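K.L.:
Start from chain A and add chain B according to the hints.
Number of protein chains: 2
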Amino acid sequence: MLDVFVAGAGMTRIGRRPEPLPVLMAEAAHAALRAAGRELPDAIVVATMNPEEFLGDGNFASHVASHMGFADIPALRIETATSSGAAAFYTGFAQVAAGLHSTVLVVGGEKMTHLATPRVSELIGRSLDPYERAYGATMPALAGLVTRALIAHHGTTLREIAQVAVKNHANAVANPYAHFRTPVTLEQVLESRMVADPLRLLHCCPISDGAAAIVLSSARTPVRVAGVGQGTDTLAVRHRRDITSFTATQTAARAAFAMAGFGPERVEVAELHDAFAPFELVALEDIGLVPAGKAGRATLDGETARDGRLPVNPSGGLKARGHPLAATGIAQIVECTWQLMGCAEASQVPARVALTHSIGGLATNNWVTILTAV
Amino acid sequence: MLDVFVAGAGMTRIGRRPEPLPVLMAEAAHAALRAAGRELPDAIVVATMNPEEFLGDGNFASHVASHMGFADIPALRIETATSSGAAAFYTGFAQVAAGLHSTVLVVGGEKMTHLATPRVSELIGRSLDPYERAYGATMPALAGLVTRALIAHHGTTLREIAQVAVKNHANAVANPYAHFRTPVTLEQVLESRMVADPLRLLHCCPISDGAAAIVLSSARTPVRVAGVGQGTDTLAVRHRRDITSFTATQTAARAAFAMAGFGPERVEVAELHDAFAPFELVALEDIGLVPAGKAGRATLDGETARDGRLPVNPSGGLKARGHPLAATGIAQIVECTWQLMGCAEASQVPARVALTHSIGGLATNNWVTILTAV
Chain A
1 MLDVFVAGAG MTRIGRRPEP LPVLMAEAAH AALRAAGREL PDAIVVATMN PEEFLGDGNF
61 ASHVASHMGF ADIPALRIET ATSSGAAAFY TGFAQVAAGL HSTVLVVGGE KMTHLATPRV
121 SELIGRSLDP YERAYGATMP ALAGLVTRAL IAHHGTTLRE IAQVAVKNHA NAVANPYAHF
181 RTPVTLEQVL ESRMVADPLR LLHCCPISDG AAAIVLSSAR TPVRVAGVGQ GTDTLAVRHR
241 RDITSFTATQ TAARAAFAMA GFGPERVEVA ELHDAFAPFE LVALEDIGLV PAGKAGRATL
301 DGETARDGRL PVNPSGGLKA RGHPLAATGI AQIVECTWQL MGCAEASQVP ARVALTHSIG
361 GLATNNWVTI LTAV
Chain B
375 MLDVFVAGAG MTRIGRRPEP LPVLMAEAAH AALRAAGREL PDAIVVATMN PEEFLGDGNF
435 ASHVASHMGF ADIPALRIET ATSSGAAAFY TGFAQVAAGL HSTVLVVGGE KMTHLATPRV
495 SELIGRSLDP YERAYGATMP ALAGLVTRAL IAHHGTTLRE IAQVAVKNHA NAVANPYAHF
555 RTPVTLEQVL ESRMVADPLR LLHCCPISDG AAAIVLSSAR TPVRVAGVGQ GTDTLAVRHR
615 RDITSFTATQ TAARAAFAMA GFGPERVEVA ELHDAFAPFE LVALEDIGLV PAGKAGRATL
675 DGETARDGRL PVNPSGGLKA RGHPLAATGI AQIVECTWQL MGCAEASQVP ARVALTHSIG
735 GLATNNWVTI LTAV
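So the protein sequences, as listed, match chains A and B.
Here the first sequence is numbered in this note's numbering, starting from 1 and rising by one per residue.
Here the second sequence is numbered in this note's numbering, starting from 375 and rising by one per residue.
No wet-lab data here; the hints were simulated from the structure.
One or more hints might be untrue.
Which residues of chain B face chain A? A few of them, derived with a C-beta cut under 7 Å, are [stated by the list, open to error]:
| hint | residue |
| --- | --- |
| 1 | A455 |
| 2 | T595 |
| 3 | T606 |
Being a predicted model, the structure only gives us computed values, none of them experimental.
Cβ atoms here follow ideal geometry from the backbone N, Cα and C, with glycine treated the same way.
One chain only, chain A, in its complex shape (with noise of 0.2 Å):
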């Protein structure tokens, strides 16, 4: 298997966004591909969750490389719900360490604020199992459920759940990327509007727009992928013996350490899956980032802020920078990949192991990505 480096990042602000998602993809690739000091990739690998009801449109991998003026690269496109990024940027990386090429452009994004929420939400819902869909649930519904047991098995407060999303809306202030760049108090998360008892509005990552690009290479540049990992779990929450933790990303984790020969304490900086606050809490113990039990106390004690021991989501996470589907597990390479070249500016912690973790669907199709500064 062939080194696999990132030659070059890039993104779209993210937020409501006026553009056709192709025109946003574009923009997130050629800044990409600028930045690793190339015109064009030997192949693109495309993410999108679900354009063919977000916006009518089909065979988005051509559609794409079209608009981008290289409808003579081979494009295909990638699909696991919302990790729909991570996936792609795995696949990306699978044709580059095989040796079938040599640069890649990886390339997610999504369009969703056009349509009324009730409509984004059960769009969304596509990817939750259809029995369970049939009695009701919808992503959030189910992820209040998860959060409930956090708190009656393991003890988990109201208010260190709140701690995730007032770090990372603190941490969105110094992104210019981010959707929300304005910070938010304990309490206004705890009063914001109940959504799913008793994940409340601020508890919730927004509805995004917005794109993100990596360029893999075969080529030594100065950020390696030391490791992926994929783990998968039952569509159905159901068949589970436990919602406290998400198999899918211990397996996952378990995959990439052992690919990059290490473990969990080298990681200096993380991009994790907070599309619901209590959901980081739940990544940094199945990640092993943090021991079990011991999430929340950490969190409070602001050992994951930007400038505590393990800064988690610098950039804000899915709740502050935003969660436009898939390009979310890109945009976690992105800012880990600009973390690593010490370019994340305002946002910068120091760090030479950086990780990033995608969840796709209720945690059925999950990824940690790890890169390492050469």
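P.N.:
Coordinates of chain B only, in the frame set by chain A:
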């Protein structure tokens, strides 16, 4: 790059199937695993074109893996419109070639017959350029345009085009997996109902349900994947210089032959994308299996019949075996695997080198795959 072999192949009967798609995909997958002598793959690559709109379900890789009892096996989904199956095969190939997994299950399927034909046509039309769609373009309409150009610029005759359908229907009579096992005459084709002038009903593939699966392995088997090539083109048909040949097929064939280390003269059996009968003639020349301008004559002369010099679509092709979209690219490889292993039963032809060709959209994302008997 590691060598990659086909360890097992399986498919469902194609046609109107009452079963849910995950059931069809499990049937094909378990048949392929049984043929490979494996209980479990290391990873799964899933192909479906648009399960969100055909079925109302998303996150389909996790959905299918869970249904098959493989919830803990890494799965992801690939989509390149109507060539999604071939793209998934390539993605599985890359995973094995890179050494990321040693046994990968590639499974593709589609279910559409429960929807009204105009709705299916609308959903398949999502793969076309939005501006051309806005002027009323549908897939059959553009195929009709291509056919008119073939007749006008290359002197292709209606009899030559109709003979493709006659041959493929004749082949499907022997295929227990085929959607249509009834022969048709030249007269029947030429007098069938007009669909998109000059294309008539019997020039067009049916709307089919079905699934197909391949197990890829790094361990040596009797069938080696000798070459895989992708070719792409502009989404908009109006942006192309010529519509009587498909650049995407030419590029894919060049790439596949380059990987294989030999040319089209060694191919002894082929499964080509004849969603519309004239497309088989275009593919024969684009791939170099027949000299330019000779495909129609060769077909009328029986060169591509099952007992001819180069049997083409011995399965019956998309025209008569059927075209369950994302299953098709894999079903073609299943057929060729069976041919090379000598277990194609009544469809058997003598061959040690086989080629498959799949078209995505209106030839925006095409694939050529070459298999050899070891």
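K.L.:
Can the hint on T606/B be confirmed by a CB-to-CB distance to chain A that is less than 7 Å?
P.N.:
holds, 6 Å
K.L.:
Does T595/B meet its interface restraint, that is, does its C-beta lie within less than 7 Å of any C-beta in chain A?
P.N.:
Since chain A brings no Cβ nearer than about 19 Å to T595/B, farther than 7 Å, the hint is violated.
K.L.:
Holds or violated: A455/B as interface residue toward chain A, Cβ cutoff 7 Å?
P.N.:
Because about 4 Å separates A455/B from the closest Cβ in chain A, which is inside the 7 Å limit, the hint holds.
In summary, the structure is inconsistent with hint 2 from the numbered list given earlier, while agreeing with all the others.
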